[in-house]
Amino acid sequence: MITFKDINNINSYTFAGELFHAYQQQEYGNLLEIKNSADQKGRSNIEFEEKFMNLSMGIISGTYYGSFSDMDGVADWILTQIDNNNGNFPTSFSDTQQQEYLSFVNNFQQANIGNGTGYGTPVDPSLNQPNAVISIISNSNCEQ
Amino acid sequence: MKRSIILIQNILYIGILIYSLTSCYASHKIQKNSDSTALKSKLSTPINLSLIKKDSLSNSYGIESDIIYSNMVYPPEGSQEDENLGLDNPNVRVESLAIKNSALSCFNTERYKELVKQRAIVTLIMYTDKMGIIKEVLIRTSPKETLLLREEECIAIIHKIKGLKCTIPPAFVNFSYYKVYQTIHFR
Numbered sequence: 000m001i002t003f004k005d006i007n008n009i010n011s012y013t014f015a016g017e018l019f020h021a022y023q024q025q026e027y028g029n030l031l032e033i034k035n036s037a038d039q040k041g042r043s044n045i046e047f048e049e050k051f052m053n054l055s056m057g058i059i060s061g062t063y064y065g066s067f068s069d070m071d072g073v074a075d076w077i078l079t080q081i082d083n084n085n086g087n088f089p090t091s092f093s094d095t096q097q098q099e100y101l102s103f104v105n106n107f108q109q110a111n112i113g114n115g116t117g118y119g120t121p122v123d124p125s126l127n128q129p130n131a132v133i134s135i136i137s138n139s140n141c142e143q
Numbered sequence: 000m001k002r003s004i005i006l007i008q009n010i011l012y013i014g015i016l017i018y019s020l021t022s023c024y025a026s027h028k029i030q031k032n033s034d035s036t037a038l039k040s041k042l043s044t045p046i047n048l049s050l051i052k053k054d055s056l057s058n059s060y061g062i063e064s065d066i067i068y069s070n071m072v073y074p075p076e077g078s079q080e081d082e083n084l085g086l087d088n089p090n091v092r093v094e095s096l097a098i099k100n101s102a103l104s105c106f107n108t109e110r111y112k113e114l115v116k117q118r119a120i121v122t123l124i125m126y127t128d129k130m131g132i133i134k135e136v137l138i139r140t141s142p143k144e145t146l147l148l149r150e151e152e153c154i155a156i157i158h159k160i161k162g163l164k165c166t167i168p169p170a171f172v173n174f175s176y177y178k179v180y181q182t183i184h185f186r
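These protein sequence lines map, in sequence, to chains G and S.
Numbering-wise, the first sequence is residues 0 to 143 according to numbering that gives the first Met the number 0.
Numbering-wise, the second sequence is residues 0 to 186 according to numbering that gives the first Met the number 0.
Please note: incorrect hints may appear among the correct ones.
Claimed, not checked - Okay, derived cross-link-like pairs now, EDC-like style, lysine to aspartate or glutamate, Cα gap no bigger than 20 Å in a straight line: (1) Lys4/G - Glu82/S; (2) Lys159/S - Glu94/S; (3) Lys143/S - Asp82/G; (4) Lys161/S - Asp128/S; (5) Lys129/S - Glu82/S; (6) Lys53/S - Asp71/G.
Claimed, not checked - Negatives, chain S to chain G, calculated, CB over 12 Å: (7) Ile51; (8) Leu56; (9) Cys105; (10) Glu151; (11) Ser175; (12) Lys178; (13) Thr182.
To be verified - Coverage of chain G stretches by chain S, computed from C-beta distances (three or more under 8 Å per stretch; other residues unrestricted): (14) 24-34; (15) 51-58; (16) 90-104.
Treat the hints as calculated values from the structure; they're not laboratory data.
Small disclaimer: the values here were computed from a predicted structure and weren't measured.
Note that beta-carbon positions come from the ideal geometry of N, C-alpha and C, so glycine has one too.
Construct the complete structure from the given sequences, taking the supplied hints into account.
Given below as C-alpha cells:
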C-alpha cells in the first residue's frame with residue numbers, strides 16, 4: 000500500500016518515490032519491520048536508495064536532474080560506474096563499489112541526523128548495494 | 000614697428016593653430032588605431048576549452064571566460080534547501096528535450112553516426128541563475144576518460160545551451176543559483 004501525507008503531496012516526484020518503496024518491499028520484504036523497529040536500523044539505506052534511484056533514472060532516461068546536498072557526489076559516482084561498464088549500469092557491485100556506495104549512505108545518514116525525516120536513522124552495513132535499483136534495471140526491456 | 004608686431008603675432012597664432020590641429024589629428028589617429036587593434040585582437044582571440052574542475056569523481060571542461068558559478072561553493076552559501084517541498088518539476092521533459100536537441104544540432108549526420116557507433120554518453124553540468132536560465136555549461140568526463148567530443152563541438156554545445164531554461168524545483172526556490180546535470184546518450 001502506498002500512502003501520502005495529503006492530496007497536495009501527490010506529484011510525479013513523490014509518486015515515483017513511493018512506488019519505488021513499494022518495489023523495495025517486494026525486493027527486501029521487510030520495509031515495515033524496519034520502520035516499526037525501535038532504532039529503525041536500515042531505514043536510511045532504504046531512503047538513500049530511493050534518492051539513488053531518482054538520480055539513476057535521470058541519467059538513464061536523459062532528463063536533467065539535480066539533487067539535495069545530502070546526495071553530494073552521488074550523480075558523479077553513478078556516471079563513473081556507467082562509464083566504467085561500457086555505458087551500462089552495473090548489474091552487480093564489486094567490493095570497492097559496495098564500500099563506496101556505503102560511504103555515500105553514511106554521508107546521507109550523517110547529514111540528516113536529528114532532522115525528523117527518518118533519513119538519519121542507523122545505517123545497515125549489510126545493505127551495501129542498491130539491489131532494488133539493480134533489479135529494476137536488470138528486469139527492464141528499456142535500452143539504457 | 001607696429002606692423003611687424005602684428006605680423007609676428009599673426010605668425011604665432013597661425014603656428015599655435017597648426018600645432019593644435021596636427022596634434023589633435025595625431026592623437027585621434029592613435030586612439031583610432033588602438034581601438035581597432037583592441038577590436039582586432041578581441042575578434043581573433045580563440046575561444047579555447049579549458050579544464051575547469053578536476054576531482055576524484057570527474058573532470059569538467061568549459062570556457063574560462065564563461066565561469067560564473069562553477070568556482071563557487073555549491074549549494075550556494077546562505078541558501079536553504081527544503082526537502083519537504085520536493086523535486087517535482089512538470090516541465091522537465093520539455094526543457095530536457097530542448098537542451099538535448101540544441102546539443103545534438105551541433106553535430107552533422109556523419110559525426111552523429113560515429114558517436115552512436117561508439118555508444119557515446121556525454122554529461123553536461125549546467126548552472127542556472129535564480130530564474131532558471133542556464134548561464135554556464137561544463138562538459139563532464141570521468142577522471143580516467145578522455146574527452147569524447149572535439150573541442151569545437153564542446154564550444155558549440157556550450158554556446159547553444161546557454162540561455163535555455165531549467166525550471167528550479169520547489170525545494171530550491173530560494174537558491175541564488177542552481178546546478179543540474181543532463182546526460183545525453185548517443186543511440
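Outcome of the hint check:
1. The straight-line distance between the Cα atoms of Lys4/G and Glu82/S is roughly 14 Å, inside the 20 Å bound, and the hint therefore holds.
2. Taking the CA atoms of Lys159/S and Glu94/S, the gap is near 14 Å; set against the 20 Å cutoff, the hint holds.
3. Between Lys143/S and Asp82/G the CA atoms are separated by roughly 10 Å; this keeps the pair inside 20 Å, and the hint holds.
4. Proximity of Lys161/S to Asp128/S is assessed by CA-CA distance (about 11 Å); at most 20 Å being required, the pair is judged to hold.
5. At roughly 18 Å between alpha-carbon atoms, Lys129/S and Glu82/S fall within 20 Å of each other, so this suggested pair holds.
6. Straight-line distance between C-alpha atoms of Lys53/S and Asp71/G comes to about 15 Å, which keeps the hinted pair within the 20 Å bound.
7. The Cβ of Ile51/S lies farther than 12 Å from every Cβ of chain G, with a closest approach of about 14 Å, so its non-interface assignment holds.
8. A beta-carbon of chain G comes within 12 Å of the beta-carbon of Leu56/S; the shortest separation is about 4 Å.
9. Here Cys105/S stays apart from chain G, with its beta-carbon at least about 16 Å from theirs, past the 12 Å limit.
10. Every CB of chain G lies more than 12 Å from the CB of Glu151/S, the least distance being 23 Å, so the non-interface label holds.
11. Annotated as non-interface, Ser175/S keeps its C-beta farther than 12 Å from every C-beta of chain G; the closest such distance is 15 Å.
12. Look at Lys178/S: its CB is around 6 Å from the nearest CB on chain G, not clear of 12 Å, so calling it non-interface is violated.
13. Its closest Cβ contact with chain G, about 5 Å, brings Thr182/S to no more than 12 Å, contrary to its assignment away from the interface.
14. Closer than 8 Å: that is the beta-carbon criterion, and the stretch 24-34 of chain G has 0 residues meeting it against chain S, so the requirement of 3 is violated.
15. Against chain S, the stretch 51-58 of chain G contributes 3 residues with a C-beta closer than 8 Å to a partner C-beta. That satisfies the three-residue criterion, and the hint holds.
16. A count of 0 residues in the stretch 90-104 of chain G with a Cβ less than 8 Å from any Cβ of chain S is obtained; the coverage claim is therefore unmet, three being the minimum.
The structure fails hints 8, 12, 13, 14, 16 (numbered hints given earlier, in ascending order).
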